[in-house]
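Chains A and B are the protein sequences, given in the same order. Reading the first sequence from the start, the letters are residues 2 to 391 in the numbering used here. Reading the second sequence from the start, the letters are residues 23 to 258 in the numbering used here.
Please keep in mind that the hints were generated in silico from the structure rather than gathered at the bench. Note that the coordinates shown come from a computational prediction; the quantities given were computed from them, not determined experimentally. Note that beta-carbon positions come from the ideal geometry of N, C-alpha and C, so glycine has one too.
Calculated lysine to any residue pairs in the SDA-like style (CA-CA distance at most 20 Å, straight line):
# : chain 1 : residue 1 : chain 2 : residue 2
1 : A       : Lys112    : A       : Pro161
2 : B       : Lys145    : A       : Pro13
3 : B       : Lys171    : A       : Trp16
Partial selection, computed: residues in chain B whose CB lies under 10 Å from chain A:
#  : residue
4  : Gly86
5  : Gln112
6  : Gln116
7  : Leu127
8  : Cys130
9  : Leu131
10 : Gln138
11 : Gly140
12 : Arg152
13 : Arg188
14 : Ala192
Here are some chain B residues the structure puts well away from chain A; computed CB gaps all over 10 Å:
#  : residue
15 : Arg157
16 : Leu176
17 : Lys195
18 : Leu239
19 : Ala242
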Amino acid sequence: MKFQFLHGRRIPLAWLLLTRQPLRLLVAIAGICFAGILMFMQLGFRDGLFDASVTVHKLFDTDLVLMSPRSMSSISMSGFPRRRLVQAMAHRDVIGTTPVNWNFLLWRNPKTLSTRAILALGFEPSDPLLLDPNFSVKAKSLKSTGRVLFDVLSREEFGPVAQWFSEGRIVETEVAGKRVRVEGLVSLGPSFGADGNLITSRETFLKLLPSTPPGSIEIGLVRLKKDSDPYEVVESLKASLPNDVKVFTRQEFIDFEKNYWRTSTSIGFIFTLGAAMGFVVGSVIVYQILYSDVSDHLAEYATLMAMGYRLKTLFGVVAREGIFLAIMGYLPAYISAQVLYALVRGSTKLPVAMDPQRAYLVFFLILFMCMASASIAMRRLVDADPAEIF
Amino acid sequence: MIPLKNSGKLPPTVQIDSLSHWYGKGITRKQVLYSVSMRIEPGEVVLLTGPSGCGKTTLLTLIGALRTVERGRLSVLGHELNGAGRRTRQMLRQNIGMIFQGHNLLRCLTSEQNVQMGSDLLKGLSYRARRDHAREWLRAVGLEDQMNKLPHDLSGGQKQRVAIARALSARPKLLLADEPTSALDSFTGREIVSLLKRLAIEQDCSVLMVTHDPRILDVADRLIKMEDGKLQPVIE
Numbered sequence: 002m003k004f005q006f007l008h009g010r011r012i013p014l015a016w017l018l019l020t021r022q023p024l025r026l027l028v029a030i031a032g033i034c035f036a037g038i039l040m041f042m043q044l045g046f047r048d049g050l051f052d053a054s055v056t057v058h059k060l061f062d063t064d065l066v067l068m069s070p071r072s073m074s075s076i077s078m079s080g081f082p083r084r085r086l087v088q089a090m091a092h093r094d095v096i097g098t099t100p101v102n103w104n105f106l107l108w109r110n111p112k113t114l115s116t117r118a119i120l121a122l123g124f125e126p127s128d129p130l131l132l133d134p135n136f137s138v139k140a141k142s143l144k145s146t147g148r149v150l151f152d153v154l155s156r157e158e159f160g161p162v163a164q165w166f167s168e169g170r171i172v173e174t175e176v177a178g179k180r181v182r183v184e185g186l187v188s189l190g191p192s193f194g195a196d197g198n199l200i201t202s203r204e205t206f207l208k209l210l211p212s213t214p215p216g217s218i219e220i221g222l223v224r225l226k227k228d229s230d231p232y233e234v235v236e237s238l239k240a241s242l243p244n245d246v247k248v249f250t251r252q253e254f255i256d257f258e259k260n261y262w263r264t265s266t267s268i269g270f271i272f273t274l275g276a277a278m279g280f281v282v283g284s285v286i287v288y289q290i291l292y293s294d295v296s297d298h299l300a301e302y303a304t305l306m307a308m309g310y311r312l313k314t315l316f317g318v319v320a321r322e323g324i325f326l327a328i329m330g331y332l333p334a335y336i337s338a339q340v341l342y343a344l345v346r347g348s349t350k351l352p353v354a355m356d357p358q359r360a361y362l363v364f365f366l367i368l369f370m371c372m373a374s375a376s377i378a379m380r381r382l383v384d385a386d387p388a389e390i391f
Numbered sequence: 023m024i025p026l027k028n029s030g031k032l033p034p035t036v037q038i039d040s041l042s043h044w045y046g047k048g049i050t051r052k053q054v055l056y057s058v059s060m061r062i063e064p065g066e067v068v069l070l071t072g073p074s075g076c077g078k079t080t081l082l083t084l085i086g087a088l089r090t091v092e093r094g095r096l097s098v099l100g101h102e103l104n105g106a107g108r109r110t111r112q113m114l115r116q117n118i119g120m121i122f123q124g125h126n127l128l129r130c131l132t133s134e135q136n137v138q139m140g141s142d143l144l145k146g147l148s149y150r151a152r153r154d155h156a157r158e159w160l161r162a163v164g165l166e167d168q169m170n171k172l173p174h175d176l177s178g179g180q181k182q183r184v185a186i187a188r189a190l191s192a193r194p195k196l197l198l199a200d201e202p203t204s205a206l207d208s209f210t211g212r213e214i215v216s217l218l219k220r221l222a223i224e225q226d227c228s229v230l231m232v233t234h235d236p237r238i239l240d241v242a243d244r245l246i247k248m249e250d251g252k253l254q255p256v257i258e
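Between the sequences and the hints, there should be enough to build the whole structure, so can you do that?
Below, the structure is given as structure tokens:
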């Protein structure tokens, strides 16, 4: 095999054609890199926003979730009768349930006194709510009324609550026009629908929002025995419960929310279009570079044909130029995207991160872009008439 | 005429019988070659002269398998070119060395790499063997100390030497040269042509050279004159 490889080895013409014109190569790499970054950012934002829509969803300590069929997303939750959870308890695999109230309330920034909608979750402090093992300790402090746990990851517009609290100050402000005191901090993270979060007891929640019917909740968390099959339980609950409630597994609950943002809003379309623009811009740049490269060297390609090189061999040279450009453009794009993702995470707190699937996708898009441009540029090669060079 | 050196043993390198060629189509169709007949024997150096536009280059490109033959018979290295396909012509070109008016070197390759583009056409040799081959040829044209220079850094004569080395490194049986001295001063031109002849003869390679340059006519075994697409009687 090695012997054959040596036989087949040729002068790396494609590589030399590219690298002996460093300025043009630099422009090409910059162009491809730019297109790559554009695709990375657009797809990253898109996936980040979808992921961000479920930051809170992912934190619940639950196996199944009950929700009203009229609830379309986290920003438009409807209530359903709380007794459905009691009925669910009857299933032999169910070991515990937590009724949760879920609504947006107006939070007054304690520093600037301006108000802003915050996602408020109300639950019985003795029930489990979040996966975080330290949470149950904090939850105990909610037993007195008018106490809330504030999300430290909430956007700054809600005021320097976390900072004041850590400094030992008593932080009091108004939620929905009623006085509350911040009793502790939790770490949830803003989602696409909610800029900030707070957790309070069900009792306080009903005080803040007296219009909520006392027997109505927005989400019911259902925990199962360790070895039970959640899909089986979902099926049997669906059969036994009236149809004023929908039953989801944890993953279905997360996907339901993501799917809302994906299909019922133009976010997916906008960012996919943005990525497509990057693809088109990149294609045009690569095509320009390769086409002018072929044109500039047309006499040389014709000479090679006159020497007896096959047109196929020359196509191979252009194709290899395309592959080299793709790789050389992709690497800086990948690195830049990592840096930009970190910057975006820092400034927006959105969970934008490199995911291997996207890394592959963008690489193949760039490769496809370069190969498509190369194959169009190859058509110029056909014009290389070796008879014309004498 | 003295009996040919190889008469009876080897077939002629080039055999042309009443070859005619036209350019253009329809009303603008213009005949450039009128029933040309000639032959080049193995190892022969033939010079083709004539005023510009008389069809010399057309004849050269036809022999070089760069154009399709329209009428007449043209056989090069035993292959009939009338009706030959693209692939046959491409394979045949691997056995024909070509030297152009301009050097036509690849600008992005060093002298050594340019010559190796020629020796890379040789089958069954390792990369190292082909590179050594290229180096030998550069040595033969006296450029062993210019191997790693780009064409850009070479003088006109040096570039033409590299082109000769490239043409010969593919071990051609026929060398076609179109005014190889036109871009050179008379001294360098003379030197290049002598080198070309010496190396070609060592390789047993026939040479057909188109030239205007009267100072190099004496290197030829035979001189052919062309005028208005017809061959003139041979002058010895």
